[in-house]
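**Student:** Protein sequence lines correspond, in order, to chains A and B. Residues in the first sequence are numbered from 1472 upward in steps of one, following our numbering. Residues in the second sequence are numbered from 10 upward in steps of one, following our numbering.
Calculated directly from the structure, the hints in this document are not laboratory data. The C-beta atom is built at its ideal place from N, Cα and C for all residues, glycine as well. Each hint should be verified, as a subset may be incorrect.
[As the list claims (entries may be wrong)] Simulated restraints, written as ranges between beta carbons of each label pair:
1. B:Arg-76 to A:Thr-1573: 19 to 27 Å
2. A:Gly-1538 to B:Leu-18: 20 to 28 Å
3. A:Ala-1502 to B:Asp-56: 44 to 52 Å
4. B:Met-51 to A:Thr-1512: 14 to 22 Å
5. A:Ser-1492 to B:Ser-58: 30 to 38 Å
6. A:Ser-1492 to B:Thr-17: 38 to 46 Å
7. A:Thr-1573 to B:Ala-15: 21 to 29 Å
8. A:Thr-1512 to B:Ala-26: 40 to 48 Å
9. A:Gly-1538 to B:Gly-27: 16 to 24 Å
Residue strings, one per chain:
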Amino acid sequence: MLGLPAMDAAQALADLTEISSQIEAAVLASADGTPAASTFTDEARGNAVAGAAAELLRAAEEAGGGGGEELVQLQAAVPEGSVFVVRDAERLVAAVTGPEPTVGLVFYDLKTCLRMARDEPAGSEPKAAGRTGKGEEGDGDREG
Amino acid sequence: MKGRLATTLVVAAGSVAGALFLRRRSARNREHVDLYFADGSMVSFADDSPEAARLLPLARRVLSEAR
Chain A
1472 MLGLPAMDAA QALADLTEIS SQIEAAVLAS ADGTPAASTF TDEARGNAVA GAAAELLRAA
1532 EEAGGGGGEE LVQLQAAVPE GSVFVVRDAE RLVAAVTGPE PTVGLVFYDL KTCLRMARDE
1592 PAGSEPKAAG RTGKGEEGDG DREG
Chain B
10 MKGRLATTLV VAAGSVAGAL FLRRRSARNR EHVDLYFADG SMVSFADDSP EAARLLPLAR
70 RVLSEAR
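Kindly produce the complete structure, drawing on both the sequences and the hints.
**Tutor:** Right, dumping it as structure tokens:
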């Protein structure tokens, strides 16, 4: 289990989706994909996204190309949207956006989220973020 | 009269087909995976690379799970 308080992880994600209109949904998880919090109200979906994002990260590491350097973040873009994953030594944060996001801004926001979560003291259970997930509601208030 | 109508229809159909082709090709070209490393370096895999062929389906899975 991830050494992170559920409320703090959820708060970090809530802040992330609050400040970034481009991020539709996000999960915070341990490096192996064990979820700590997500923007989904459905826990199973959060788990599935966290697992799939961890698998993407592992496959990207195996794909290599960094000359032995540690992979710290990635963006995978397809016409339907983009997947972003940023990680540190212990955990990762993954987010999905629509097509053609502002890449630098999304990475900046994800790194901020990860730093906020890292700065919190240790804790317990996975939990949904403190606001309803955009990924499930599609409230359409995106600023682009 | 009929001949002009037929020509117009052929030209219109060709324009639509061309636009669809270009749009599809442009969408495919947008597919890529960018990896960023701790030393600040970045590697980009285009959609026709073997690395992207492995990574893009995983990205699509993340997107489909999330939506």
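**Student:** Evaluate the given range 38 to 46 Å for the C-beta pair formed by Ser-1492 (chain A) and Thr-17 (chain B).
**Tutor:** This hint holds: roughly 44 Å between Cβ atoms.
**Student:** Taking the beta carbons of Ser-1492 (chain A) and Ser-58 (chain B), is their distance inside 30 to 38 Å?
**Tutor:** With a Cβ separation near 32 Å, Ser-1492 (chain A) and Ser-58 (chain B) satisfy 30 to 38 Å, so the hint holds.
**Student:** Determine whether the Cβ-Cβ distance between Ala-1502 (chain A) and Asp-56 (chain B) falls within the hinted range of 44 to 52 Å.
**Tutor:** 28 Å, violated
**Student:** State, for the Cβ atoms of Thr-1512 (chain A) and Ala-26 (chain B), whether the hinted interval 40 to 48 Å holds or is violated.
**Tutor:** 44 Å, holds
**Student:** Is it true that the C-beta distance of Met-51 (chain B) to Thr-1512 (chain A) lies inside 14 to 22 Å, as the hint says?
**Tutor:** For Thr-1512 (chain A) against Met-51 (chain B), whose Cβ atoms are near 35 Å apart, the range 14 to 22 Å is violated.
**Student:** Could you tell me whether the CB distance from Arg-76 (chain B) to Thr-1573 (chain A) stays inside 19 to 27 Å?
**Tutor:** Holds, since Arg-76 (chain B) and Thr-1573 (chain A) (Cβ atoms, about 20 Å apart) stay within the stated range.
**Student:** When you take the CB atoms of Gly-1538 (chain A) and Gly-27 (chain B), is the distance between them in 16 to 24 Å?
**Tutor:** For Gly-1538 (chain A) and Gly-27 (chain B) the Cβ distance comes to about 43 Å; the hint is violated.
**Student:** Confirm or reject the claim that Thr-1573 (chain A) and Ala-15 (chain B) have a C-beta distance inside 21 to 29 Å.
**Tutor:** 47 Å, violated
**Student:** Quick one: are Gly-1538 (chain A) and Leu-18 (chain B) within 20 to 28 Å, going by C-beta?
**Tutor:** 57 Å, violated
The earlier numbered hints that this structure contradicts are 2, 3, 4, 7, 9.
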